[in-house]
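Trainee: Put chain B with the ligands on the given structure of chain A with help from the hints.
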Amino acid sequence: MAELTVFGFKPGKSVIHRLDVRFKLIFLIVISLASLKASGMSLFLLTLVLVAVLSHAGLSLKPVMRALGYVFVLLFFIFVARALSTPGDPFIEFKFVSVSREGIQQGALVCWRFFIVVMIGLCFVSTTRPAEIKAATEWFLNPIPFIPEKRVATMMSLIMRFIPVILNQARETADAQRARGVENRKNPVYRLKKLGIPLMRRTFETAEKIAVAMEARCYSENRSDPELSANKRDWLALFMVICLCVFILVM
Amino acid sequence: MKIIEIEDLSHRFSDGTIGLDSINLTIREGEFVVVGGQNGSGKTTLLRHLNGLLLPSAGIVRLAGIPVFKDLPRARQMVGMVFQDTDSQIVGETVYDEVAFGPENLCLKPNDIKRRVSGALKLVGLTHLANQRPNVLSGGEKRRLVIAGILAMEPRILAFDEPFSNLDYPGTIQVLKQILTLHRGGQTILIAVHNLQEVIAFADRLVLMKKGKVLRNGNPYELIEELEGFGIREPCPIRLEMEIQSWLS
Ligand SMILES: Nc1ncnc2c1ncn2[C@@H]1O[C@H](COP(=O)(O)OP(=O)(O)O)[C@@H](O)[C@H]1O
Ligand SMILES: [Mg+2]
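Here the protein sequences come in this chain order: A and B. Numbering follows numbering that gives the first Met the number 0, in which position 224 of the first sequence is assigned residue number 223; successive positions increment by one, without gaps. Numbering follows numbering that gives the first Met the number 0, in which position 84 of the second sequence is assigned residue number 83; successive positions increment by one, without gaps.
Take the hints with a grain of salt, since some may be wrong.
To be verified - List time: in silico DSS-like cross-link candidates among lysine-lysine, alpha-carbon distance up to 30 Å:
(1) A/Lys208 <-> B/Lys209
(2) B/Lys176 <-> B/Lys121
(3) B/Lys121 <-> A/Lys193
(4) B/Lys210 <-> B/Lys69
(5) B/Lys176 <-> B/Lys69
(6) B/Lys113 <-> A/Lys9
(7) B/Lys209 <-> A/Lys149
(8) B/Lys176 <-> A/Lys149
(9) A/Lys208 <-> B/Lys69
Hints are computed from structural coordinates only; laboratory data are not their basis.
Chain A on its own, in the form it takes in the complex (with noise of 0.2 Å):
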């Protein structure tokens, strides 16, 4: 899974590092829906602030770019479809394809949105602390009635830890069976079913050893409470956020 580590917590001491998650966690809200109604003049704006925050955090831009290629191949997908199938000014023709003006102005706007949604995403995850993710999960539940926030956050932190595991033993088992000769048989269901049973079997395996070891370290829903606190920094820094997002969609 060496393609997902950009998508994991880069430890430093910047600003964006030491901002309380809870308000981190509505910037990434607020200026993906603001950017998702943005011009191109703003859109322009909103990268360079991105740009800036993404190099004071520390992340240099060349790793980033490479891990996102499959972003990109989204992405020309995304404006390829948009060109084409956007009615105006033909632009290119050939035979019965046209590509309109328009299209190709809209497939950049939207590919570009996107792009953002997920650099901000990016900057969210590299520079907060997964238990930090945890804590502010737990926050925004508690006044929910009905929902167990404890259980959940330890749930959703569970499943981010086991997912790598599990897709590991996926891989295994996947190449146990190929080589045994699996790929000879040709029906789809018969190869799913002998991939998943076995999968199954080994990740309810892991489950209950998971479980027996956080009874034997005292795991209960009883727990210290995670440590959030927002101070002066915090509420500029919202200040800010919201001067941005009225810019965008103004401009």
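Mentor: Coordinates of chain B with the ligands only, in the frame set by chain A:
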């Protein structure tokens, strides 16, 4: 002082399998005890009775005089347990969070948690990896991380279930050195293994199990001759000498 007292302990699983059969065993504080036996002899089942993950069908286990079942949280805090499969006992997303998991469960204050986590990480020499994700660590480092997670709960007894399984040679040495350091610091150590090569030289006492029974309990060197009968390979004396010297240097 007797820290663990096991009296007539028997365990029958729900399917009728006899896991343990009237076991009597006493362990003094600060002792280094190795429990040996082939697979299926009941080592894991025995360890799980120490912190109440399994409860006896008959008999009793006392920790410093108090029965385990009377106070399970106390038993779990007192007996730190390192399981065989490292990957499925690491629950934190980072090394730091993994070690903090136990102290958080004990409802400690944030400052105490921080102090304990940095203390435990320092003890096992993983401070520089505190922000890493556990899956990037090597086998030996992972096992040390698990040990740190246990140490942060400040247990009085450390129980290891097959601590050297799936480890390469450097990993084995790392973990063994760690265990020896902890023992020198006064910890009571209990290790369950099916291969005595690594640990026999350091054990104060060897307990041999077969089919859920404790059949021998005494000085490791006096029991070496009998190992074959328990399905355990006799440690090779020449290699043993060499390895002990290299490990301790
Ligand atoms: N959950 C269980 N249900 C039924 N039988 C079990 C269970 N766990 C272990 N056993 C049986 O108990 C015996 C002792 O197992 P265990 O303590 O795991 O041995 P060891 O750790 O020495 O290899 C074995 O025969 C095993 O099959
Ligand atoms: Mg076992």
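Trainee: With reference to the structure, classify each hint as holding or not holding.
Mentor: Now the hints, each set against the structure:
no., hint, verdict
1, A/Lys208 <-> B/Lys209, "holds (25 Å)"
2, B/Lys176 <-> B/Lys121, "holds (14 Å)"
3, B/Lys121 <-> A/Lys193, "violated (45 Å)"
4, B/Lys210 <-> B/Lys69, "holds (28 Å)"
5, B/Lys176 <-> B/Lys69, "violated (35 Å)"
6, B/Lys113 <-> A/Lys9, "holds (19 Å)"
7, B/Lys209 <-> A/Lys149, "violated (43 Å)"
8, B/Lys176 <-> A/Lys149, "violated (38 Å)"
9, A/Lys208 <-> B/Lys69, "holds (24 Å)"
This entry does not satisfy hints 3, 5, 7, 8, going by the numbered hints stated previously.
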